[in-house]
Every structure is written in structure tokens, then in C-alpha cells.
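Got two chains here, each in a separate frame; can you build the complex from them with the hints?
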Amino acid sequence: MEVRIPLQFYSDALPDVDVAELQGKLIVVEGPDAVGRSTQVSRLRSWLEQSGHAVLDTGMARSALAGSGIQQAKDGNTFGPLTMTLFYTTDFADRLENEIIPALRAGFVVLTDRYIFSIIARAIARGEDRRWIETVAGFALVPHVVYYLRAEVPDLVSRVVVGRGYFDYWESGMDLGLSKDMYESFVKYQTRLIKALDSMQDTYGFVTVDASRSANEIFADLQRSIEGLFYSPKGETPAKKKIAKRRV
Amino acid sequence: MALASLQPNRHKGKLIVVEGIDGSGKSTQLSLLAQWLRSQEMSVAFSSWNSSPLVKETTRRGKKKEMFTPTTFSLIHATDFADRMERYIMPLLKSGAVVCADRYAYTAFARDVVRGVSRRWVRNLYRFAVKPNLAFYFRVPLEVAIGRILGGRDAIKYYEAGMDIGLSRNIVESFRLFQGRILEEYDSMAEEMGFHIIDASGSIEEQQQQMREITVRELGISKKTARAGGR
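Order-wise, the sequence lines are chains A and B.
Position 212 of the first sequence, counted from 1, bears residue number 212 in my numbering, the numbering being contiguous throughout.
Convert by adding 1000 to the 1-based position in the second sequence; the result is the number in my numbering.
Looking at chain B on its own, in the form it has when it is part of the complex (with noise of 0.2 Å):
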């Protein structure tokens, strides 16, 4: 059976996303492509994973309490997905917004596959999902995303380090065998969800440049404008 596919967008606005493993750059890039497309005087509205206000209280309690299966894991996500689908993307995109979403569906694609969750499941969970105009995906190698976090943070999270599914007691290593796994559905899927896939292990000035050229390409936005930190 096939799996199943998300809607396409029939309104004005258009839907960028940016997906990849944490540490690989991209709400950086996704910040610094906004700002661009604000300077082209757009409409930009920001969306990120996990910030519903109905919902994101029952995520953070149970993340704090290590209350979450592979299962409800999954489901919350795709609830906090649904609200801010329903109350924010669709209007947004409808009044013709340009909505900048910092982690998709393609997360919970990955992310739950990983956990052990059906791969049929949660992608017809999804189903209601709009289909982005571009999805870009920082591809980086593990080692590099993980100096970055280990660089960045003190601590590495339970959830995050998939610490919930016993890959490894060692929070480290387990954030390493977890998030290497991810990096592979990704991978496996890039070419079925037509990801743009940007090099993040390049400069930040060289992958933005590639962003906005895609941007252009692709959305049909005013090519002279187009250079990163152009005139």
C-alpha cells in the first residue's frame, strides 16, 4: 500500500520549511532567509515545531517527567501540529503570507520511524499536512552536528538524545546512534518529499546564498535582490 501524501497548497501564500538533525544549522539559515525575504518587503510569519500554545504545556510536562511513549510521543507532536496548522499556517497562507516553518512533518517522519513507530502511521497522521512550496534539508555529518550541540549547550536532552527508546545509557552516545539513525530517514526519504538539500557542513554565507537562489528559482522572487547581503 502506498503511504500516504500530503495536500498540496492551493492558496497564495507560499510555505518554506527546513528540516535536518539538530546541530545541523538550519533555523539559523531559516532566520537569516526571512529576514531577506522581509527586506523584499513580503509578508514573512514564522511557525516552529512544538509551539502551540494549547499544547505545548502537556509536551514540556511530559518531557519533564519522561512520561512519553513512542506512540504519544508522536501523537502530541502531531496535535501542537494541528493547532498551528488550523489556527496559524492555513490562515496565514490563505491571506497570502509567506510562512517560514522551522521543522515540518518530515520531522516526525524521521524522528518517530526511529522510535519504532509504523512508517504507514505516521505518515497518514500527517495527511492533513499542506505540502510545502520548498523544503530545504541541511545535510551535515554527524560528527559535525554533534560538536556543534556538545560546542553549544551544557546538557544534551532525554527526548533528544532518544535517551527514551534505551539505545545506549551514555547520554552522548546515545544522542550519537539516535540522531545517526534520523540522519538516515532523511536521507532515504529526500528524494520521494523533493528536498533541496544544502551542504551544512559549507560556510553559512555559502549555504544562505544557495537558499535564496533556490528561493528565486523556485518562487519566482526578483533575481537582483537575490545575493546574500545584496545591494
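Just chain A, same shape as in the assembly (with noise of 0.2 Å):
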């Protein structure tokens, strides 16, 4: 039998909500721009429901109150950085309070293509104080699992030119001036998020995971952790270890 232990916020926790009552699995996919989360994602989100799981799917600035000021913040190129910290984490507490906490107490499992990993790994990337964002972002609950997909910036720039096949300016971290040339401000700003997310592994229990091999092959890592978490006898994660340990 299934021993379900209870979600819980990292620090603040938010006014009115009753962790006792989210029934579901909170589940976040993290990584840099271009490194195939949102491919598993949608993998995910199928096998999940064959296998009989509702799923709801969220990622950044898909918020009904922050979604397209983000965007035309964006076009406009005129973000400065805590602005952006900011959009994104209101952005952010919008889905958590009106998607992704409503679903966890109809008992869904909420997959997350990224969750306030990235708004930390950017703030840090832009020089923001990492305690001032981690205590902002400490209203977050404390996800069953967070997958993070690792991989180098050459890999991250294969697939952009294969993929997309341009370099997106926000992507590239044009805004911070590292370089007036996109390829090279992409290879600086994104070894520049690798980094910040390196040093968030420990803190917050990330299991990381190999993502320069195939999407196959990712996918069927994710799926035998994944099936872990639902019959694992405990019900215990990693995540919830390490938090627990940070928290004494």
C-alpha cells in the first residue's frame, strides 16, 4: 500500500491552502533552453494517461494573469532583470494557485515543465542576490520529484540549429550584453545557467538526469523513476530527503 506523505512548502507557505489536502503528484521537468524537456513532457503526459493518471501539463508564462505581459515585455526587449524575475514569478504563483494546487487536490499528477528552478538559475545567471529569489520563490511547494535533464552547451547548440534553427534573444541572454554576437552570448549565458542549475542539485534534491543521449533513451529513465514514485513503499523521494535534511 501507497504511504502518502503529505507536499510542503519550501519556507512561506501560502495563505489558505491545506497541504493535507493535495491528494495528487507534483512532478517538475528541469533544465536549460533547448535540452528537450517540453519533448518529455508531452511524452510523459501520454504514457501517464494510458496508464490511467488524469495529468495536467503547465510551464512558464502560460498564466492567465502574466502570460501575455510577459510576452510583450519580451517583444519589447525591455526587461530589466529583477523586472523579469519578478513577471516570472508571479507568472509562476498564478499556476501554482490556480492550476497547479486546484489539480493537486483533485488528485492529478502535475507534470511542470520547469518550476522556480529556472527563475532562480536566471536571477543568479544576471547577478541577482540568490538568497533575496530563493526566499521570494519559498511560497513554492516542495515537488515529489524534479527531474533535471543535463546537458552541455554544445549539445544545447546542436539542437537549437536543428531544431529551431535560430537563436532566440532571450535564450541567448542578449540582455545582459555578454557578447553582441547570439551564438556566443548563447554559449556564455547557457554556461552560465548549466552552472547556476549545477549548484541547485544538492540544495534541492534534483535527480539528475543524462540528457545527451537519445529522447528514447531519457524517456525511458524518466518512466522507471516515475513508476518508482507511484509504488514506491514508502512513498518516500528524493526530493523531500534532502529538503528535510536542509530545513534542520
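Note that these hints are calculated values from the structure, not bench results.
Certain hints may be false.
To be verified - Calculated cross-link-like contacts (lysine-lysine; reagent style DSSO-like; alpha-carbon spacing at most 30 Å):
#1 A/195 / A/180
#2 B/1056 / A/74
#3 A/74 / A/195
#4 B/1012 / B/1063
#5 A/74 / B/1094
#6 A/74 / A/180
#7 A/74 / B/1063
#8 B/1094 / B/1157
#9 A/188 / B/1131
#10 A/180 / B/1094
#11 B/1056 / B/1157
#12 B/1094 / B/1131
#13 B/1131 / B/1065
#14 A/74 / B/1065
Said to hold, decoys possible - Here are a few chain A residues that sit away from chain B, every Cβ distance over 12 Å (derived from the structure):
#15 46
#16 192
#17 198
Backbone N, C-alpha and C fix where the C-beta goes; we use that ideal spot for every residue, glycine too.
So this is what it looks like as C-alpha cells:
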């Protein structure tokens, strides 16, 4: 029989949320740009649904409240680093309170393409204070599991070239002024993001997945791990253990 | 754990802010002060709460459709504030201007806490803000403020009345309860934040005179020009 450990918040609980009511599973897929997160999320969704689980999938800048505002700000290339961090945090909070938590209450599996970790990594890559943004994002629920799809910059570069075919302004971190050349800027910026994500692995108990391999191999790993999550005798997960340790 | 505090102003410009509940008369007083500072040949700029061109459309829509929770309400105002800080207030302070802000981080400290957001969290949220050189708090009895609001406008707005936290289904009653709690929050942080308290039930002229005197004293502006309506 599955023993359910209630979800918890990282530091500051959201007003009016009783974590004991949250029956579902919260699964996060993190990683740098172009690492293949969304491919995995959509395959996981189909697989989970075929296995009989109701699934909500969500991702950055998709909130009803802030999604369009973020898009406009991105189009105008007018985002300052603090403003960007906080706008994305607003978007995340809106989705957490209005999509993720209601779905967890209803017993869904919530699959999220990125979580607070991308927001934190982007803030760190822009020289913001780590403790500040970690505290700001402290109202997030501790997920049951965080998969960190990790690859090196050359892998990302080849996926951008083969996939989209051009370098995106924001994925290249052009606002940082690291280089006038978009390719060079992409390399420098993604190197920073990977470094920032790496530095969070232990603190947040990421399950790191080697994403330099084929999509099929990555998917097989994720499937195996998620099966363990649903049927583990103790219902305990790496993310929780680490956090419990951290909070002592 | 100590609450996070604001960043000291290391620039040659000065930051003056006004705080108080709705109907305290703070905006009127700040615009009078700004006019006087301009007449002293200082370069004066204004920044109002909730006015970032990048963010205010999102806020407007969220309010209209009543989409906010205490957390998103707090975050969107911080986003608006961050944009004004990065693109407007900081460059102006560096240039040596006097920046007058109608409401500042303290508004969030009072309001968001009343909405149920953690005090520690919201104090940290605004940790990037520059500490004002002068912060005026317009303290007014609740009934006076309510009289001014009800007399001056057709309707109290949903979020101004704190209708989102369900204090009362009657909007006037909700407004009274909500603003009353905000007043308590302002009072309780006044000393910690070094507010200059202005009795906002006094006459407009008296209040303005007091503001100018404090400004002269604290910012070292020439005294002979400090009188309200002065020569």
C-alpha cells in the first residue's frame, strides 16, 4: 500500500492552502533551454494518461494573469533583470494557486515544464542575490520529484540549430550584454545557467538525468523513476529527503 | 530572524516618499511639496505606485477580472515597483534628481500583510528597494479618511476595500475594516522605518508647512524659502 507523505512549502506557506488536501503528485522537469524538456513532458503526459492518471501539464509564462504581459515585455526587449524575475514569479504564483494546487487537490499528476529553479537560475545568471530570489520563491510547494535534464552547451547548440534553426534573443541572454554575437552570447549565457542549475542539485534534491543521450533513452529513465514514485513502498522521494535535511 | 531592510541611497539624488491610507491626503501634499522644490530650482521627478508601463496593463486586467490572490497581488505590485526602480528611479537618483514617490514599499508591507502574506516574505521581496531619504506618513483617523473617500468618489474599488479577503460582503464595511487594519500596520512600523508623521487631520496648509520644514532640516535645503506660500 502506498503511504502518502503530504506536500510542503519550501519556506513561506501560501495563505489558505491546506497541504493535507493535496492528493496528487507534483513532478518537475527542469533544465536549460533546448535540452528537450517539452518533448519529455509531452511523452510523459501520454504515457501517464494511458496508465490511467489524470494529468495537468503547465509551463512558464502560461498563466492567465501574467502570460500575455510577459510576452509583450519580451517582444519589446525592455525587461530589466529584477522585473523579469518578479514577472515570472508572478506568473508562477498564478499557475501554482489557480492550476497546480487545484489539480493536486483533485488528485491529478501535475507535470511542470520548469519550476522555480529556472527563475532562480536566470536571476543568478543575471547577478541577482541568490538568497533574495530563493526566499521570494519560497512559497512554492516542494515537488515529489525534480528531474534535471542536464547537457553541455555544445549539445544545446546543436539542438537549437537542428530544431528551431536560429538563436532566440532571450535564450541567448542578449539583455546581459555578454556579446554582440548571438551565438557567443548563447554559449556564455547557457554556461552560466547550467552552472547555476548545477549549484542547486544538492540543495533541492534534483534527480539529474543525462540529457546528452537520445530522447528515447531519457524517456526510459524517466518512466522507470516515475514508476518508482507511484509504487515505492515508503512513498518517499529524493526531493523530500534532501529538503528535510536542509531545513534542520 | 531579523526582517530584511532596504538598501541605503548611495547616489547624489534624494528620494522622498509619502505613505498613508487611502483618503489621507498624501498625494495632494506630495504634489505641493514637489511644486515648491521645483520653485527652488531642483530637478524633481515623480513616481506613483502601480504605474509601470510594462506591468500596469496586467495589473489592470487582473483587478478588473478579480484574478488576484494575496500572493499574486503582492508579486505584481513588486514587479511594477521593480520596473520603476530599474528603469526610472535609480537612473534619476544617479543623475542627482529629487524623486518623489507616491506610495513606496511600505504600502506593500502594510497591505500585503493585512491580506495574509507573510511579513518576512514581503520584507524580503522589496529588499532591492532604495531606502528613502525622507518618508512621510500621513496619519489620519479612519473616519476622516472614509469621509473623504465616500464624499469624493462614486464607488470604492474592490481591491481598495479588501473585498478579496472577505472581511464583509458590504463594500463600505469591508473598506472600513481593511483600511483600519492597514492603519494599524502603518502605525506599528512607523518608528522602525523612521517615518516623519504628519497629522493628516490638520489643515492642508499646516501639513504642507510641516513637510517643508522637515525637508529643509533633513535634506539641508535653504531655510528662508521653506515657508508655505513663501516669498
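Hint-by-hint comparison with the structure:
Only pairs whose Cα atoms come within 30 Å are accepted, and residue 195 of chain A paired with residue 180 of chain A is accepted, the gap being roughly 22 Å. With a C-alpha separation of about 15 Å, the suggested pair residue 1056 of chain B and residue 74 of chain A falls inside the 30 Å cut-off, and the hint holds. Using a Cα cut-off of 30 Å, the hinted pair residue 74 of chain A and residue 195 of chain A holds, with the two alpha carbons roughly 24 Å apart. Using a Cα cut-off of 30 Å, the hinted pair residue 1012 of chain B and residue 1063 of chain B is violated, with the two alpha carbons roughly 37 Å apart.
As the CA atoms of residue 74 of chain A and residue 1094 of chain B are separated by approximately 26 Å, the hinted pair is consistent with the 30 Å bound. For a cut-off of 30 Å, the pair hint linking residue 74 of chain A to residue 180 of chain A stands: about 18 Å separates their Cα positions. A distance of roughly 23 Å separates the Cα atoms of residue 74 of chain A and residue 1063 of chain B; the hinted pair therefore holds under the 30 Å criterion. Simply put, residue 1094 of chain B and residue 1157 of chain B have alpha-carbon atoms about 37 Å apart, too far for the 30 Å limit, and the pair is violated.
Only pairs whose Cα atoms come within 30 Å are accepted, and residue 188 of chain A paired with residue 1131 of chain B is rejected, the gap being roughly 34 Å. Distance restraint check for residue 180 of chain A and residue 1094 of chain B: the Cα-Cα separation of roughly 27 Å lies within the 30 Å cut-off, and the hinted pair is therefore satisfied. With a CA separation close to 16 Å, the supplied pair residue 1056 of chain B and residue 1157 of chain B stays within the 30 Å bound. A threshold of 30 Å between alpha carbons decides the hint, and for residue 1094 of chain B with residue 1131 of chain B the separation of about 14 Å falls inside it, so the pair holds.
Between residue 1131 of chain B and residue 1065 of chain B the alpha-carbon distance is near 34 Å, which puts this suggested pair outside the 30 Å criterion. A hinted pair counts as satisfied when its Cα atoms are at most 30 Å apart, and residue 74 of chain A with residue 1065 of chain B qualifies at roughly 24 Å. The claim that residue 46 of chain A is not at the interface with chain B holds, since no C-beta of that chain comes within 12 Å of its own (minimum 31 Å). Every CB of chain B is more than 12 Å from the CB of residue 192 of chain A (nearest about 20 Å), matching its label as outside the interface.
For residue 198 of chain A, the requirement that its beta carbon stay farther than 12 Å from each beta carbon of chain B is met, with the minimum near 25 Å.
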